[in-house]
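*Asks:* Based on the sequences and whatever the hints tell you, model everything.
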Amino acid sequence: MSIFQELADREHVFEFLTQVQSPVDVRHGPILYLEDVNVSFDGFKAINNLNLTIDDGELRCIIGPNGAGKTTMMDIITGKTRPDTGSVWFGSRHNLLTMNEPDIASLGIGRKFQKPTVFEALTVFENLELAMAADKRVLPTLTAIMKPEFRDRIDEVLEMIGLKDLRDRLAGILSHGQKQWLEIGMLLMQKPRLLLVDEPVAGMTEQEMERTAELLTSLAGKQSVVVVEHDMGFVRSIARQVTVLHQGSVLAEGTMDQVSNDPEVIKVYLGEEA
Amino acid sequence: MGIIRSLTLLLIALVSVSSLPASAQDDDPGRELLVNLAEAPNSGVEEALNAIVSSGHPRARGWLEAYGNNRLSRVKDTGQVVVVLNNRGRDWEIANPLTGENMGEMSRRELDRIAINNAIRGQLEGILAMLDLNAPDPDVREASAQDMMGKVDASLIEPLEARLELEESAQVRNRIEEALAIYRVGEGDIEAVDVLAGSLHPRARAALNQAVRSDDPVLAKKAGQALGTIEQKLKLNRAAETLYFGLSLGSVLVLAAIGLAITFGVMGVINMAHGELIMLGAYTTWGMQQLLPGQPGLALILSIPAGFMVAATAGIIIERSVIQFLKGRPLETLLATFGISLILQQLVRTVISPQNRTVVTPEWMSGSLVINDALSLTLNRMYVLGFALVVFAALMLIMRKTRLGLEVRAVTQNRNMARSMGIRATRVDIMTFALGSGVAGLAGVALSQLTNVGPNLGQNYIIDSFMVVVFGGVGNLWGTLIAGLSLGTINQLLEPWAGAVLAKIIVLVFIILFIQKRPKGLFPQKGRAAEG
Amino acid sequence: MSSSQNWLLRPFQERSTQIFLGVLFAALVVVTFLHLFMPQDSALHVSAYTVTLLGKYLCYALLAVAVDLVWGYLGILSLGHGAFFALGGYAMGMYLMRQIGDRGTYGDPVLPDFMVFLNWQELPWYWLGFDMAWFAFIMVLLAPGILALVFGFLAFRSRVTGVYLSIITQALTFALMLAFFRNEMGFGGNNGLTDFRDILGFNLRTDATRLGLFIATGIALAIGYVVCRAIVASKLGRVSIACRDAEARTRFLGYRVERVQLFVFVVSAMLAGVAGALYVPQVGIINPSEFSPLFSIEIVVWVALGGRATLYGAVIGAILVNYAKTVFTGVMPDAWLFLLGGLFVLVTVFLPKGIAGLLQKRRKAKTDDDTPTGQEATA
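Protein chains in written order, with my numbering: chain A, 39 to 312; chain B, 2 to 533; chain C, 181 to 559.
Since the hints were derived computationally from the structure, they do not count as laboratory data. Among the clues, some could well be false.
Keeping only pairs whose Cα atoms sit at most 25 Å apart, straight-line, the calculated DSS-like set for lysine-lysine is [to be verified]: (1) K153(A) / K505(B); (2) K521(B) / K328(B); (3) K328(B) / K541(C); (4) K521(B) / K505(B).
*Replies:* As structure tokens, then:
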């Protein structure tokens, strides 16, 4: 294509405008390392010498009682909270502690919040459109065009999360479960390497839960998924590897069976349920 | 010049005779003294004045002043000496010099002015000053001695020295010594420079400045050194004064902002009508003084509870009628309360007046505490500073030690949890808002003593108050105190070289930049609760 | 979802924009016609005074649109937009001052009267270039734009938002007001800039120039509206709404929220500057009172009354409130502040979506679509 053709073609994205995304270096296996991480709020140790590694393509469930530091851990990985000490690496190339939220997000870490946060004043379609992997700088966003292939991709995800009929309705009118699904859909649109999912099935019906489990297990392999969940039944249904957090550090790690037979774990957590 | 010298020596001898016992008019020796003065030939005036001064008559000063102003006259018919009160027009108003009683008007044709020649007039001031210097009241003596600084001439040296011998008050002695030293330095006396080196009086500095330019190199050098010492002391005093003004301004800011810190910090409510609540407090003071004419002090003290109640009531009305409907919508609350502030301002303009009202400062609050010649602290500011600290301490107590304070803190930290524990959050809201508003009223009462009371009073303080709260950290009363006092001081420190307006701008820009660095203020609330 | 490929052309496909532009141009044509072709004594004649008054309203309308862009769509309640308006106005005022030339009272060919009066020897450096129209017109955009850029960069970078930001914007305009009151600033101090003669060679005191300015303002409003509409209808507009409603979430999607905020804020400030620049030649004066916090917050109530996040609501609100102000300050000046104050309270408590919200509700009731809750943009 000659330079003139390039200039005439409005849809052409110039080479220098495209974001150079440095790929994640996972040659050593793990996609996420947390080493000796400590955070305290006003003297309260929310995270205490936490060490955790997530392998590429792994589906990991993290459980733990309230205040175990699960959400704080997510905050640290996504750049919302800075730890007092310790290091956090994405692959073996990217030091997450030097990056801010949008940088980390565009690196390929997606996050679903505990409380579903969708953009209620936008339609379901628009919510997904905003989440879509694209050049997210200001001017490219201003001049962005809805290409047919984008539309197809959004529709595909709509189908996947079962919100096709609500495509052009405002997200604010969705039920709690539907919002959860929409948020998962937004994660999918981001095409992340690592998904952080905080309590995905809260407020969902049995049926919806099953579909969520199906979806999450199907994602694993291509993407790494970290699920924080309270619902033991749900964890049992998807988990291969389970990490138990307690008072800001790892208490036990292993398969669901191993973990649920660990006397320590029974004492602090499962014991309460039983 | 002989007259003053002889006169004052005489006076000093008489100093113990403070005044004659009150006597019937008829046998008042003053009558004769005045007649003597009136009838004295040019050469006898001195003697007549002499007699008046040495008589120690309590009204002698008044006569001499009237004499100097050409207001001493004789009634042609009776020969009685009178003081002319008003010499405009055809008929003059006159008074009895012995009693001070007004005698009505009399045609100027019937009056004969007692003439004063210029030689005598020139000395009259010195005579009067000496008269005061021998007064029984040490304050009068000190003022008079201070008055003499720089005005001493050769004729006064001897009487001043004589006075110095007798003087008991150390302050008056100091003054007289300084007055003498100024003269002596002017005459080239090198020793006298030492006396002036300790003085902060501008006249002492003027004398030294003269001396620096003297032909005598020793004197000039010594005077230069003395000036340096004085300059050092002045600098220190100026710094103390700036600090005082800064703390005073700061205390005003603290008073204005602390109510806001409660409503904004605790309830998250932006009350733009806060300034107008301050205004209401100020107008309450004015109203009280209208109700109790002649007793400004009592009215002011009563205004403290009254101002609190008025502003608190207004606050409750605002909370119930508007703010409770805007829970969780801070920006809307900001707009609505701004509307209320406009209404309150206009209400005052319509009902009372668009003009400023004067609030009288009671006697015990006016005047100033004189530390030295270069430093005097105005009393009203000192009272306001103390008042601000008392209000702050009281609020701290309420927040820390009372049930209300506990409930307020509980609701601030976790509204839902507090409610589920049986705290009636709505009631706490009302009480908090009333408290914050009431404190604004108190600020108004205090401000009425410092500035004009007018409809715009509140507007002038609202932005500053917000800046203090934001700077100090929302929800932190200590932060507000420190922020208020330091912003006040910074402002005063900047003023001398930047000017008042520019100083204010610099402070505003400083805060804007500060917020960039520390968005949560000097003393931020930490932890999870602060995130939401 | 509009289909145009060019983001700037998208608004023209929207029905609301078409209606808005239609009404605006019709109004311009009608006023022009009534002014030019109706006899002076006719009841339908629109006097030059009224034309200028209407022009002033249109300036305010453009200003309100600028405020609505940041408040309605970005959730930033700026209480300092008067500052950008005034800066644009001062840039224009400086040009108009230089155009007076030696016709001033003191007859100095270069220095404006107030500088001669204050014994200034030469023009301060920042007045240089303002004798050239093109330079002044660029400064109309740049002066408020750069202020917004610097201020916004600092504020948004450190994530100062919500009420804090509002208070700080208010402090900003307050500080500028104090600064412009100073004679040493070289902007005429208290009195500001006034006694203008002509603009681009046209005498400002003739009816024809006034009509021209009115039409120019109308066109500026149309352009400003379309630009705002285009931003709002773009993906960036949707990202703005996302920032407004869930800032943290937007960040986790990979958008740099502070840059979005900065971009929109600067555009808005520039529009405010244009409004100020058109305002000055019509009212014939610019002084520091335009920086007063009261004016800035008044703008917000125009938008609130008209209805946030609609843009056309801002126009309606600005014109209504200012018409009411003209009427009331003439008839019963004391009542105006009561009315304005009451308006603040009533709109926020009872009419949170403004007039536009009422219109939408009525239309919705008429067409009765199947949305059960029918939630519109909520802030």
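*Asks:* With reference to the structure, classify each hint as holding or not holding.
*Replies:* Tested hints:
| no. | hint | result |
| --- | --- | --- |
| 1 | K153(A) / K505(B) | 45 Å, violated |
| 2 | K521(B) / K328(B) | 22 Å, holds |
| 3 | K328(B) / K541(C) | 24 Å, holds |
| 4 | K521(B) / K505(B) | 22 Å, holds |
Consistency with the previously given hints fails for number 1 only.
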